[in-house]
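Per the working numbering: the sequence shown = residues 1 to 97.
Please note that the accuracy of each hint is not assured.
As the list claims (entries may be wrong) - Below, computed lysine-lysine pairings styled on BS3-like, alpha-carbon distance capped at 27 Å:
hint: 1; residue 1: Lys86; residue 2: Lys50
hint: 2; residue 1: Lys17; residue 2: Lys52
hint: 3; residue 1: Lys17; residue 2: Lys50
hint: 4; residue 1: Lys96; residue 2: Lys17
hint: 5; residue 1: Lys50; residue 2: Lys38
hint: 6; residue 1: Lys52; residue 2: Lys86
hint: 7; residue 1: Lys38; residue 2: Lys96
hint: 8; residue 1: Lys93; residue 2: Lys38
hint: 9; residue 1: Lys52; residue 2: Lys38
hint: 10; residue 1: Lys86; residue 2: Lys96
As the list claims (entries may be wrong) - Pair by pair, the computed Cβ-Cβ distance ranges are:
hint: 11; residue 1: Ile94; residue 2: Leu71; range: 13 to 23 Å
hint: 12; residue 1: Asp28; residue 2: Asp70; range: 31 to 41 Å
hint: 13; residue 1: Gln56; residue 2: Tyr79; range: 12 to 22 Å
hint: 14; residue 1: Ile49; residue 2: Val87; range: 18 to 28 Å
Hints in this document: simulated from the structure, not taken from any laboratory.
C-beta atoms are modelled at their ideal positions from N, C-alpha and C, and glycine is treated no differently.
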Amino acid sequence: MLNKLIMKILKWEKMSKINSFCLEIEFDSPEEAEVIYKAILLDHLESQIKSKADMQLNANILNIQIFAEDLSILRAALYSYLRWIKVSDNIYKICKG
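From just these sequences and the hints, can you work out the full model?
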């Protein structure tokens, strides 16, 4: 669950006018990771206007890399992903009982 998940900030780097941020989230199980991945996938696909992001699922680890020219847009995109993940995880917990 999100309360127990491990979040690692892999790297933040500024590459020629493009800021990027890499986030790795480890869930308790591959099932939980897949449910969260599928729950935020539509938001992920529709949100890439001012920022771009790559999202990959490997077993119980969700990797998200966000790119934006402005640091404030990068931060806003990161907060959006964290909010979507938190909401999805809360719903997952309610459904799992």
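Evaluation of the provided hints:
1. Lys86 to Lys50: Given pair lysine 86, lysine 50 holds - Cα atoms ~22 Å apart, limit 27 Å.
2. Lys17 to Lys52: 14 Å, holds
3. Lys17 to Lys50: Distance of about 14 Å is within 27 Å: holds.
4. Lys96 to Lys17: 44 Å, violated
5. Lys50 to Lys38: 22 Å, holds
6. Lys52 to Lys86: Holds: lysine 52 and lysine 86 sit about 20 Å apart, inside 27 Å.
7. Lys38 to Lys96: 16 Å, holds
8. Lys93 to Lys38: 15 Å, holds
9. Lys52 to Lys38: At roughly 18 Å apart (the allowed maximum being 27 Å), lysine 38 and lysine 52 satisfy the hint.
10. Lys86 to Lys96: Satisfied, since the Cα-Cα distance of roughly 15 Å is no more than 27 Å.
11. Ile94 to Leu71: 13 to 23 Å: Between isoleucine 94 and leucine 71, where Cβ atoms are some 35 Å apart, the hint is violated.
12. Asp28 to Asp70: 31 to 41 Å: 35 Å, holds
13. Gln56 to Tyr79: 12 to 22 Å: 20 Å, holds
14. Ile49 to Val87: 18 to 28 Å: 21 Å, holds
Going down the numbered hints, you'll see the structure goes against 4, 11, while the others check out.
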